[in-house]
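Peer 1: Generate coordinates for the entire structure from the input sequences, incorporating the hints supplied.
Terminal number for the sequence shown in my numbering: 323, no gaps in between.
Treat the hints with caution; some may be incorrect.
Unchecked claim - Label pairs and their in silico Cβ distance ranges: (1) Glu310 to Leu101: 21 to 27 Å; (2) Arg251 to Thr213: 42 to 48 Å; (3) Ala195 to Pro37: 28 to 34 Å; (4) Ala32 to Leu152: 18 to 24 Å.
Everything labelled a hint here was simulated from the structure, so no lab data went into it.
Where a beta carbon is used, it is the ideal one built from N, C-alpha and C, also for glycine.
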Amino acid sequence: MAILLYSGSLRAGFVADDWDFLALVGQARSAAIAFEPLVGRFFRPWVVLLYYVNYKAFGEWPLPFHLTVVLLHALNAWLLCLFTLRITKGDRVLALLTGALFLAFAGHSEAVSWIAGTADTILMSFAIGGLLLLHRALTSGSPLLPTVTGWLVLAAGIMAKETSVMLPALAAAYGTAFALSVTGEERRAAFVKTARFVVVPALIVAGYLALRTTLFGDPTDAYAGLSLSAGTVFTYARAFVLRIFFPPWGRLAIAWGHGQDVWLLGAGLVVLVIALMRAHPRVPLLFSGAAAAIMLAPALPLTISLSTTETERVVYIPTAFGA
Numbered sequence: 001m002a003i004l005l006y007s008g009s010l011r012a013g014f015v016a017d018d019w020d021f022l023a024l025v026g027q028a029r030s031a032a033i034a035f036e037p038l039v040g041r042f043f044r045p046w047v048v049l050l051y052y053v054n055y056k057a058f059g060e061w062p063l064p065f066h067l068t069v070v071l072l073h074a075l076n077a078w079l080l081c082l083f084t085l086r087i088t089k090g091d092r093v094l095a096l097l098t099g100a101l102f103l104a105f106a107g108h109s110e111a112v113s114w115i116a117g118t119a120d121t122i123l124m125s126f127a128i129g130g131l132l133l134l135h136r137a138l139t140s141g142s143p144l145l146p147t148v149t150g151w152l153v154l155a156a157g158i159m160a161k162e163t164s165v166m167l168p169a170l171a172a173a174y175g176t177a178f179a180l181s182v183t184g185e186e187r188r189a190a191f192v193k194t195a196r197f198v199v200v201p202a203l204i205v206a207g208y209l210a211l212r213t214t215l216f217g218d219p220t221d222a223y224a225g226l227s228l229s230a231g232t233v234f235t236y237a238r239a240f241v242l243r244i245f246f247p248p249w250g251r252l253a254i255a256w257g258h259g260q261d262v263w264l265l266g267a268g269l270v271v272l273v274i275a276l277m278r279a280h281p282r283v284p285l286l287f288s289g290a291a292a293a294i295m296l297a298p299a300l301p302l303t304i305s306l307s308t309t310e311t312e313r314v315v316y317i318p319t320a321f322g323a
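Peer 2: Structure follows, in structure tokens:
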């Protein structure tokens, strides 16, 4: 299904930053090139490795590159389906609908069709994989193996993109939502298991940030010249939230420009509150809202287009929780 939906991108060539990556791996003597910082400040080993492996195997034939990303997108949809199945206690219909909606959502063009925009696509595999392992740890009488495996998965996610630093917070949010869905000794045990699952990745993230700052400078320097003024952050935050649920749409951009989207977002909030009051279990709704906010937070100083695909890759993971 993924190949059918993205058959157009499989016929596309290389564009924009793709050529910079190809030039980089074309001169590389080994896969160690993946650990070189991009433009002196970005650390994306998994992205560079994707280019390196495909280039060494297929040269400048774009089809395998695009196919790799499309298959990653399909993997993410499958992982999301599995995660939904777990947190809804076996609702197969809802799980399949969630995975299919994410797979087919028209707002993923930049993250799936543009090879250089695949960092978020890669990161999501580690994010949802980590959540599946946390759920296993929370529901298992022997949580050691899924916990240790989860440490490795979340640590490996750091090599996808800088926003991977949010993965421990994402795991903590799910663990908290799960704990609040149970009572008594089960709740205490859930909080303990969550703390054990999160503490090591959190320490790794702290070490990564310290080392990265020492070697490459302040991570927030990447926002230099791109960030918004304090007065416009809320305005564009609305745009980011809209793009979680809507693909590029000219009329949506016009409505947002006139402030008419506030009514739409308000109505959505009312529906969410009503759903929370009636839902049982509440874990999916409680967690999905928190997860979308957590993974969207690093992008809020930036801007996003409502009428084109520009910058939409940064909402790739939040759309999974919006689904």
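Peer 1: Each hint should be assessed against the structure and marked as holding or not.
Peer 2: Evaluated hints:
Roughly 23 Å separates the CB atoms of Glu310 and Leu101, a value that falls within the hinted 21 to 27 Å. Separation of Arg251 from Thr213 is about 43 Å and conforms to the stated range, judged on CB atoms against 42 to 48 Å. In this structure the hint that Ala195 and Pro37 lie 28 to 34 Å apart at CB holds, the actual value being about 33 Å. The hint said 18 to 24 Å for the Cβ distance between Ala32 and Leu152, and at roughly 21 Å that hint holds.
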